[in-house]
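> So you can see what is in the structure, the chains are spelled out below.
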Amino acid sequence: MSTKAPKRRRAASLDKRKARGGYLFVLPFILGLILIYFPVIIDSFRYSLSSMTFQDGAFKITFIGLENYQEALFVDTSYVKTLMGGIQSLIVDIPAIVIFSLFIAVILNQKVLGRAVFRTIFFIPVICATGIMESIAAATSSYNDYIADQGQSINTGALESGGFQMNAEKITQLFENMKIGTELADFVVGAVNRISGIIDRCGVQMLILLAALQSISPSIYESCSIDGATTWETFWKITLPMISPMILVSAVYTVIDSFTSESNQVMAYINNKYSEADGNTLSAAMAWMYFGIIILIVMVVVAVMQAYVFYQRRDN
Amino acid sequence: MDNQANAPKVLKESKNKIVVDFERTSLKERLRLKYLNISYAGMLVWRFFRFLLLMGVSYVILYPFFSKITSSFMSAEDFVDVTVKLIPKYPTLDTYKAIIVDLSYFKALFNTALLSLVSALLQMFICCIIGYGFAKFKFRGSKLLFAFVLLTMIVPHSTIKLSLYMKFKYFDVLWLTKLLGGGVFPWLDIIPEAETGMFVNGTSLDLTNTLWPLAILSLGGLAFKNGLYIFMMRQFFKGVPDELEESAYIDGYGIMKTFFLIVIPLSVPMMITVFLFAFSWQWTDEFYTGLFFSKTKMYLLPHLVGQVPRSLDTQYAGQSLFEAAIQNTIGLMIIVPILVVYLFCQRFLVEGIERSGLVG
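One line per chain: the protein sequences are R and X, in this order. Counted the way the working numbering counts, the first sequence spans residues 96 to 411. Counted the way the working numbering counts, the second sequence spans residues 3 to 362.
For the record, the hints were derived by calculation from the structure and aren't laboratory data. Check each hint, because a few of them may be wrong.
Claimed, not checked - The calculated DMTMM-like cross-link candidates involving lysine to aspartate or glutamate, where the alpha carbons are at most 20 Å apart (straight line), are:
| no. | chain 1 | residue 1 | chain 2 | residue 2 |
| --- | --- | --- | --- | --- |
| 1 | X | Lys240 | R | Asp110 |
| 2 | R | Lys113 | X | Glu245 |
| 3 | R | Lys111 | X | Glu247 |
| 4 | X | Lys259 | R | Asp110 |
| 5 | X | Lys259 | X | Glu247 |
| 6 | X | Lys140 | X | Glu247 |
| 7 | X | Lys145 | R | Glu317 |
| 8 | R | Lys206 | R | Glu317 |
From a predicted model like this one, the values you see are computed outputs, not experimental measurements.
Sequences are here, hints too, so could you generate the full structure?
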């Protein structure tokens, strides 16, 4: 007993030293959180509960309670409508993005002719399709829609963002001739119109899933093929369960990314409100409600998918 | 007798080698069996469609670039000519010239390059350090802190837009500036054109139009998508075996020395990946540039968007279309520098992500 006691103490001190090391490494984040982030969040919440006026070269903030929230929900009619529309279109888009990126990741993981070239091309949207490019694309595509509405025959072909506007018309005609319900036609047209948008938003998810696919040990596939499993069976029984944690990660990333991207219509609406006079604190209130909805949706996605995720047991 | 006939005929026999002649299926037959069956045909069809699909998606990705490139060479006449679709009839470099001269492109390019480089380098190192802390050390509250990392990713920009602006417009951490009492900090002046070190009411600093807001956010791991970078680095370091550091500790290295001399050299591909993300996302970012930088004081590339060069501002039938083409050209000129950076770094992008085994 007496020989064991100092040994245990030394072990504890090593743990303590490692813990101190951990704090040291995470210190920048802790400082940033305490000095910048929490004050900013708290301020933002305070602003959402007050009104702000610019007087004599200084901002004057007065507390007005829940007035901003009331105005956003009951006075401003288009906010709730935009919110609902935004959430609806995202609910359609998110599974499409996850499935598409999984599909492309699986293909890019196989031996394809010119794989390196395709990879280079497919990851271009990761770095390009953010911020500015989205807003330019949005500006010019809304212009294209305007032209289409006006029925003018000016040369739009050169400027279409994805080259799909024309095809959408053809698809609409096709469905009209087939006498299928207009809802279905609208859905298909919407999906086709959004293809380039969906592809643009797949980049990071594709990287995550590709990395997950690479991490599966080839020996598992080998033993499967020896046991006589087909590629199809192997995909459903091996590949999918093995990468399911990363599918969850990429689904959550997709939700977060599409809900917080600047091109999102709700974000655009809130940003518009921000730039309006006296809309500053109102936009903060709207953004807080929006944030609540995002958290809710992320939680729902995680809860639903958690039931299907397979975790390989690890030693540590 | 029959048996004897079917048995392989020995042609040559030595101590180590034996050459045997036996009846082999003919080459034609073997090729036929190998290639003319359902599964091989199925594979061919699958390969063909796979390639077709990849080509199609590549087309969707690249087409906007082609259309932007061709329309950037179009002159005003091309936009009223209905026969012109993709290839300009009257090619011109006027659009580029006008953007470079009228909108002072190179000034914006320089400012943006400086801003992106500084913040991307800071974010790369800081996220590397924080990610390492989360991956390799167990300490009280680490789970809660990591939840906060994820929280910074989830909070939409517009929620903190106003308060971020107010924070850096009237910057005052721990009442430090109040204590210093409104002196002038010449060292805050990083970019000469920017007006810095301005005290409002002698109690706070106006940090807008300097590199400081983004530098401070980067130093705290709070800038654009830093949560993702921290997550990536953490996953990467989780894949690095602990034995590596343990052996370094045994050899007498401290935690810091191990990190800088052993771990950092290992993580170069991943760090380059993070750098590439941070650099290009900062480059095209509109949120922070719109929030902290005004067009007149610190001119950045995103400020170009929406402007029409004076020399191209004319009244004619296809004007609005022409303006859309100018916007596309501006977008192209913003993108091309980071595309070049990407082409140099993309090798590390895939390699870094793959080797990280971003999976934990």
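> Hint by hint, note whether the structure agrees.
Structure-based check of all given hints:
{"no.": "1", "hint": "Lys240/X - Asp110/R", "verdict": "holds, 18 Å"}
{"no.": "2", "hint": "Lys113/R - Glu245/X", "verdict": "holds, 15 Å"}
{"no.": "3", "hint": "Lys111/R - Glu247/X", "verdict": "holds, 17 Å"}
{"no.": "4", "hint": "Lys259/X - Asp110/R", "verdict": "holds, 18 Å"}
{"no.": "5", "hint": "Lys259/X - Glu247/X", "verdict": "holds, 10 Å"}
{"no.": "6", "hint": "Lys140/X - Glu247/X", "verdict": "holds, 15 Å"}
{"no.": "7", "hint": "Lys145/X - Glu317/R", "verdict": "violated, 38 Å"}
{"no.": "8", "hint": "Lys206/R - Glu317/R", "verdict": "holds, 16 Å"}
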